[in-house]
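Chains X and Z, in that order, give the protein sequences.
The working numbering puts the first residue of the first sequence at 1, with every later residue one more than the last.
The working numbering puts the first residue of the second sequence at 277, with every later residue one more than the last.
If you're looking for bench data, these hints aren't it; they were derived computationally from the structure.
Please note: incorrect hints may appear among the correct ones.
What the hints assert, rightly or not - Taking lysine to aspartate or glutamate and the DMTMM-like style, the derived pairs with C-alpha atoms no more than 20 Å apart in a straight line are:
id	chain 1	residue 1	chain 2	residue 2
1	X	83	X	58
2	Z	333	Z	317
3	X	109	X	141
4	X	16	Z	302
5	X	167	X	100
6	X	167	Z	352
7	X	74	X	104
8	X	167	Z	302
9	X	167	Z	305
10	X	16	X	172
11	Z	337	Z	352
12	Z	342	Z	305
Said to hold, decoys possible - Across the chosen pairs, the derived CB separations fall in these ranges:
id	chain 1	residue 1	chain 2	residue 2	range
13	X	112	Z	352	52 to 58 Å
14	X	17	Z	306	20 to 26 Å
15	Z	341	X	112	46 to 52 Å
16	Z	315	X	62	51 to 57 Å
Claimed, not checked - On the chain X side, residues computed to face chain Z include the following (Cβ under 7 Å):
id	residue
17	154
18	158
19	193
20	194
21	196
22	200
23	205
In this text, a Cβ means the ideal position worked out from N, Cα and C, and glycines have one as well.
These are the residues of each chain, in order.
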Amino acid sequence: MKDKKSARVVVVTSGKGGVGKTTSTAALGAALAHLGEKVVVIDFDVGLRNLDLVMGAERRVVFDLINVIHGVAKLPQALIRDKRLENLHLLPASQTRDKDALTEEGIAKVIAELRSKFDWIICDSPAGIERGATLAMRYADAAIIVTNPEVSSVRDSDRIIGLLDSKTDKAERGECVDKHLLVTRYHPWRAARGEMLAIDDVLEILSVPLLGIIPESEEVLRASNVGSPVTLNSPASPPARAYFEAARRLKGETIPIHVPSESRGIFNKLFGRKAA
Amino acid sequence: MNLFNWFSRGSAPIARERLQILLAHERNERNQPDLLGVLREEILTVISRHVAFDPDKVQIKMDRGKSISTLAVDIEIPNSFGAPAEASQQRRPRTKRLRSDSARTMNQRVA
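Let's have the full structure, built from the sequences with the hints guiding it.
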């Protein structure tokens with residue numbers, strides 16, 4: 001199905017901040033690498049990088065994306081190989097430069113070089129709809145729109161979908177970026193009680209096929225705390241399993257999606273709601 | 277509190293309805309990114325064929341309502357304009373305003 005010499009470029013985007021783009025980039029990147037794919041994750045959040053921290057590589061950053069674009073470093077020098085998975089690589093963002101240091105031509109060159117070496121290039125977009133975000137999606141073949149079941153996130157996702165359909169290289173060539181919706185921070189019991197938008201509501205409003213539903217879990221926070229993608233840190237946990245399934249769907253496998261349901265005991269139902 | 281909520285309808289249906297209305301509106305605007313700019317240019321081209329006016333004294337405004345939208349075009353034409361000959365029958369002694377009065381009236385009725 002996939003040519004080993006031409007990577008699929010996937011942007012992880014959302015518009016709104018704090019919905020889980022970086023966490024999802026790390027988790028999906030690690031999941032794909034664990035499934036045997038050769039993966040590079042790129043942090044596009046210039047000035048506010050965090051993918052290095054979430055992946056536990058913050059002390060190993062020497063060169064970054066901007067250095068490569070400016071010719072200060074060669075691409076292989078800037079790539080950080082993950083300590084746990086040898087086919088997972090990170091290209092960090094610059095922490096000191098501003099986002100104007102990113103150029104369209106520079107990104108095009110870096111992506112072109114990476115395409116011949118990897119199966120997957122996963123671009124972690126910054127929040128917002130400014131230059132950094134549009135450059136992150138610029139050369140994408142596919143997009144993962146990370147959405148929380150909450151009004152402001154859904155609205156911003158809709159805006160991002162509009163940009164994906166107009167401002168990307170593919171859109172300008174008259175083609176279409178494959179769009180996938182990843183719902184994160186889903187609280188089954190809140191949705192069941194009508195306190196939170198249900199999956200069907202979000203799908204109906206955004207009309208984008210669903211890639212997965214990541215339940216809210218303390219495991220996600222724990223993984224960030226220790227600097228390890230949740231899919232590696234606690235692979236059997238519900239969020240990690242959901243990310244693994246999403247990764248396999250991204251690869252083209254057909255796996256039915258089940259909406260996480262309230263699987264809590266009667267004790268938790270009565271007393272434990274706050275302890276997500 | 278828990279038991280009370282259990283029986284009450286949550287706020288999600290309200291969120292869903294608000295989003296559906298808002299996004300329908302925003303998508304519509306997104307698909308016509310510069311409708312007003314295009315309208316302005318084409319309307320002024322037509323008008324300027326017949327009367328001369330100062331492009332700075334033109335106001336074009338669009339109000340989007342729930343069931344109807346109104347477009348108001350306000351062009352100030354000086355008395356001493358040098359208009360093309362065929363437009364002479366449209367001349368009036370005082371400043372003339374071309375305005376979609378009927379649309380405005382409808383809008384008021386709806387509001």
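We went through each hint and held it up to the structure:
| no. | hint | verdict |
| --- | --- | --- |
| 1 | X:83 to X:58 | 12 Å, holds |
| 2 | Z:333 to Z:317 | 14 Å, holds |
| 3 | X:109 to X:141 | 16 Å, holds |
| 4 | X:16 to Z:302 | 17 Å, holds |
| 5 | X:167 to X:100 | 18 Å, holds |
| 6 | X:167 to Z:352 | 39 Å, violated |
| 7 | X:74 to X:104 | 18 Å, holds |
| 8 | X:167 to Z:302 | 17 Å, holds |
| 9 | X:167 to Z:305 | 16 Å, holds |
| 10 | X:16 to X:172 | 24 Å, violated |
| 11 | Z:337 to Z:352 | 14 Å, holds |
| 12 | Z:342 to Z:305 | 14 Å, holds |
| 13 | X:112 to Z:352: 52 to 58 Å | 55 Å, holds |
| 14 | X:17 to Z:306: 20 to 26 Å | 21 Å, holds |
| 15 | Z:341 to X:112: 46 to 52 Å | 49 Å, holds |
| 16 | Z:315 to X:62: 51 to 57 Å | 55 Å, holds |
| 17 | 154 | 6 Å, holds |
| 18 | 158 | 5 Å, holds |
| 19 | 193 | 5 Å, holds |
| 20 | 194 | 3 Å, holds |
| 21 | 196 | 6 Å, holds |
| 22 | 200 | 9 Å, violated |
| 23 | 205 | 5 Å, holds |
When held up to the earlier numbered hints, the structure conflicts with 6, 10, 22 and fits the remainder.
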